[in-house]
Amino acid sequence: MSRMKELQKNLFGGTTSNARQFGMIFTLVAIIVFFQIQTGGLTLQSGNLIALTQQYAYISVLSIGMLMVIVAGHIDLSVGSVAAFVGIVVAKAVTEHDLPWPLGILLGLVVGALIGAWQGFWVAYVGIPAFIVTLAGMLLFRGGNQYIGNADTVPVPEGFRDIGAGYLPEVGPSTGYNNLTLLLGLLACAAVVWRELRARQVRTQMEGAEPAPLWIAVLRMVVMIAVIVFVTLRFAGGRVGTSFPISGIILAVLVLAYSFYTRNTAGGRHIYAVGGNARAAELSGVKLRRVNFFVMMNMSILAALAGMIFVARSAASGPQDGLSWELDAIAAVFIGGAAVSGGLGTIGGSIVGGLVMAVLNNGLQLTGTGSDMVQIIKGLFLLGAVALDVYNKKQGRFSIIGSLTRSNRSRHEAAAGESVEANVVKQPAARS
Amino acid sequence: MSTAPPLLEMRSITKTFPGVKALSEVQLTVRDGEIHAICGENGAGKSTLMKVLSGVYPYGSYDGSIIYRGAEAKFADIRASENAGIVIIHQELALVPGMSITENIFLGNEPRRFGRIDWKAANSKALELMAMVGLKEDPDTLIKDIGVGKQQLVEIAKAFAKDVRLLILDEPTAALNENDSQHLLDLLRGFKERGITSIMISHKLNEIEAIADSITILRDGRTIETIDVKGEGADEDRIVRGMVGRDLGSRFPDHVPDIGEVFFEVRNWTIRHPISAERLVCKNSSFTVRRGEIVGFAGLMGAGRTELAMSLFGRSYGVYESGQIFKDGKEIQLKSVTDAIANGLAYVSEDRKAVGLNLLDDIKTSVVAAKLSKITRHGVLDEAAEYRQAEAYRKSLRIKTPTVDEGVTKLSGGNQQKVVLAKWMFTDPDLLILDEPTRGIDVGAKYEIYGIIQELASEGRGVVVISSELPELIGLCDRIYTVFEGAITGEISRRDANPETLMKQMTSTKKLATS
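Sequence lines, in order, name chains A and B.
Residue numbers for the first sequence follow UniProt numbering, so the first one is 1 and each next one is one higher.
Residue numbers for the second sequence follow UniProt numbering, so the first one is 1 and each next one is one higher.
No wet-lab data here; the hints were simulated from the structure.
Errors might be hidden in some of the hints.
Pairs of lysine-lysine, DSSO-like flavour, derived with a Cα cap of 30 Å [as the list claims (entries may be wrong)]:
id	chain 1	residue 1	chain 2	residue 2
1	B	K283	A	K287
2	B	K283	B	K230
3	B	K335	A	K287
4	A	K287	B	K136
5	B	K374	A	K287
6	B	K125	B	K144
7	B	K395	B	K374
The following label-pair restraints were derived from C-beta to C-beta distances [unchecked claim]:
id	chain 1	residue 1	chain 2	residue 2	range
8	B	I259	A	M221	41 to 51 Å
9	B	K395	A	A387	41 to 51 Å
10	B	T338	A	F260	20 to 30 Å
11	B	S373	A	V231	33 to 43 Å
12	A	A30	B	G302	54 to 64 Å
No residue lacks a Cβ here, since even glycine has one placed at the ideal position from N, Cα and C.
Just need the whole structure built from these sequences, with the hints factored in.
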C-alpha cells in the first residue's frame, strides 16, 4: 500500500484505524480555504468564527437528534415548530410569570419531552409514519406558538440570554487571551492524545487486527492538535469580552455525549439495527417500539434546547422562529453521509455536514452574495454532494459520504455494492 | 454429438471486480434445443456468468466473447439481450405484488392499440401463455394472492410474452415444494420439445440429473468440465467432486447422538393468523425435544412450520390463542423475543437476508447483535471483546473472510449462514430452532453446517431443524415430526424415516400410528 493510500485510510480515523473520513473533511477544508481567499482573510478571523459558532450551534444541536431519527429510518419535520413553541412557552414563563430562568430552561426541556412523547407515541405505538406525524406536528406547534404568543415577540431576561449569546468569562492572570478558552483547548489536545493511545491499545487487544501505522497515528495527532491550537487561539484572542461561546460549549458536550451513546452503548447500536433491518432487529431481541419512541422523543427535547438557545441569542421569542430549521438539519445529516433508507450515518459526519453548510452560508454572505443566490447555491451544493457520492458508489470508487456513514470501511463498501447490485438487477426487470 | 453449430458459445470470459477475479477464462457451449445445467458452489461465478450473458454487465466490461446464433453478441444492457431472445428469470422474482397476473405478464411490454393499452388482447394472450405454462388461475388474480410456485410460472409466462429463444433460470426450484418443482421440470422438458433452449442454475443434483442434457461445472470462477449426459451419463459423485474439488465421502458428517432427558416441551400450541383471526395457523401442536437431540420438522411449504417456530420464539408471529411451553419441567412464559432469548431459545430464520441479518453490518457486529449485554461493561460496549468473540467464531466455524471487520454482504450464502449461526451460538442457547438452515447454500457449505448442528447437539443442546429437503431431515435428525396444515400429523424416529412415509404424513391430516 502506498503511503498516500495509507494516509487516506487512516487520517482522522478516530478509534477504528481504518476509517475514511478524509473526503468530507477535505471538502470542508477546501471551502474554508476558498472563502478565506475570497474574503481576504475574513472567514478565519476571531469575530467571524465566534459569530459562526453562535449562529449555527442550534442547527447542529438539531442535526444530532435528526441523525438518530434518520438512522432509525424516520424523519422529523416538526423540529422548527417545536423549537418555536418551546421558545415562546419559556419566554412567557420567564418574562411574564417571573419564573427564574434556570427553571425556565428546565421547563422548556420538560415541554420538549412531552411533545416528543406525544409524537413518539403516534410513531412507535400507533405505527403512523413519522413523516405524517411530524408534518402534523409542524402545523400544530407552529399554530401553538402563535396562539400562545399572540403572534407577538416576547423578550427574555439577561441571565437567560447567556446560553445563546454568552461567552466564557475572563478569569485569572492577563495573558492577552481568554484563559478559560485556552484551558478548554488544552483539554481538547489532551483528549485527542488520550483517544489515540486508547484506540491503539484496544486495537492491539484484537488479534489479527492491525493498528494504524505509527507514523500515521503521530501525523494524525499532530494535525488535529495543530487545528485545535489554531482554533483555540482564534477563539481566545478575539475582542475582549468575547471568547468561546456558551452555545458552542453546549454543542460540544452534546456531540461528545451522543457520539459516545451511538457508538459505544447497546442502546445506540439498537438504533442502527432498527434502521438497518427492523425485522431482524426485532428477532434479535431489540425492543422496536421503545427505540422508535426514544429517537422521536429525544429529537423533540433537542429541538426544545435549540429553540431556547436561539431565543437566548436573539433576546426574544417571536412567531417566525425556527422557520425551515428542519430543512437545514436534514441537509446537514445527509451531506454528512446518512442513508435515506436508514441504518447508516454518524454524529460526527452530521456535524461536519452542518459545518460545510454553515461555512458556505457564511462565506457567501461575507462575499456579499444575495440571499436568493445563497439559497440557490446551497440547494445545488446539497444535490451535487449527494449525487457525486451516489455516482462514486456506482463506479465502485471511494465515496465521500459513504466514508462518513460509519467509521468502518468495509461497512460502506458492502452497502454500496449491495444497493448498486440491486439497482442493476431490478431496474431492467421492472422495465421489461 | 450433433454437428450443428451451438446456439451459444461463451469464449474465455474473464470478469474482474476491484480486487476479485470473479470469472477467469470461462467456457460455456450451449447446443440448440438442449437443457443445460450449470452447477457450482455459491461464489463459483454462476450468477456473474449469467449477468455477463444477459447484458447486466455490458459488453466491454469483461474480456472474452459471446457467440450467439453464429454472430458475436455485444449486449449493452438487459434490453438488448432480451431483444435477442435471451430471457433470465432470477431467483428473486421481479413481479409487482399488487398487480394482476395479466398486468405482470405484459409489464413494460403492453400490447397497444392507438396508444392505449389493449386489455382485451392482453387478457386473451395472457390466457394463452398461462395455458402454455400450465397455470390455472383467473388472469385478474393479484400476484400476492397466489403461491410462490405459481408466481414462478407467471414469471415464465412473462418470458414467453417476449420472443424467447434462450431461457435462463436461476435456481428456479429453490423456493418451490416438491410438486411445484416437478411441474416446473416437466414444463422445461415441454419447452425443449418446442425447440426452446434452457440454461438452468441449480443446487439440486437430483433435478439436474433428471433433466439436463449437458452439465457445466464451475468452481472458483473457472470451468471445471462440461459433462454430456447422453454420452457419458451424469454421475452425482463426479458432479459433487467437480464442484467442491474433493470427494465428499458422505453428505453428512459422522455423528453419534448422545440423547438425554426431555427438557423442552410444547403442549397444545394454538395460534391464530395475525390478520384473518378465524384462521388457525397452528392447531393444538405438541412436541418434545431432548437434550442432545436433533428434531426435524417436515412439511410442505405453508404447512405452518415457520409460524409455529416464530410464535414460540417470543410470539413473533400470529396471535396467541392457547398452549403451554415447559422447559426443564417448569412452565415458562415467552411473551417477547427478549423473554425467549433470556430463557435460552434461539431462532435462526429461513430468510437470512430479509430477517436474519442487518446487511449494513459487518461480521463482528452481527455476531454479537442478539446479546450485546455479553460484551457490555458498565454500560459501555467493549470493542476488543466484540472483536475477540467474532474472531473465535470465525475460526471455529471456518467463516471464509479476511477479517471480521468485513461487511456481511461480502460473504457467500454459506458463510452468511455461519455468521447467523454464530450470532445465535453467542447467546448460548439451550434450544436452537433452525429454519431451513441450508437453503441456498452449496454442497460443501451444507456439510459444514451439518457438522455445526451436530456439534451443537453434542454439547447437550436441543436442536430443532425445519427443512423442506427430506433427505436432509432423514440424514440429520434423530426424530422427525410431520406437519400438515398447521397440525402435527406424525412423529417418526430416525430408523423408520424414509421419504415415502414422511411425504405421506406431510400430505394428510390423518394421524398415523407413531412409532
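For the pair supplied as a hint, K395(B) and K374(B), is the alpha-carbon distance within the 30 Å limit? Holds, because 20 Å separates the two Cα atoms, which is no more than 30 Å.
Would the hint linking K283(B) and K287(A) be met if the CA-CA limit is 30 Å? Since the Cα atoms of K283(B) and K287(A) sit roughly 28 Å apart, the hinted pair holds (cutoff 30 Å).
Holds or violated: the 54 to 64 Å window for the beta-carbon distance between A30(A) and G302(B)? holds (58 Å)
Distance restraint evaluation - T338(B), F260(A), Cβ atoms, bounds 20 to 30 Å: holds (24 Å)
Holds or violated: K125(B) with K144(B), Cα cutoff 30 Å? At roughly 21 Å apart (the allowed maximum being 30 Å), K144(B) and K125(B) satisfy the hint.
33 to 43 Å was suggested as the range; check whether the CB atoms of S373(B) and V231(A) agree with it. holds (40 Å)
Within 30 Å, alpha carbon to alpha carbon, are K335(B) and K287(A)? holds (12 Å)
Verify the proposed pairing of K283(B) with K230(B), using a straight-line Cα cut of 30 Å. violated (49 Å)
Holds or violated: are the alpha carbons of K374(B) and K287(A) at most 30 Å from each other? holds (17 Å)
Regarding I259(B) and M221(A), is the given constraint of 41 to 51 Å on their beta-carbon distance met? Given about 59 Å between the Cβ atoms, the range is violated.
Do the beta carbons of K395(B) and A387(A) sit within 41 to 51 Å of each other? Hint holds: Cβ distance 43 Å, inside 41 to 51 Å.
Quickly compare the C-alpha distance for K287(A) and K136(B) to 30 Å and report which way the hint goes. The hint is violated at about 44 Å.
Hints 2, 4, 8 from the list above are not met by this structure, while the remaining hints are.
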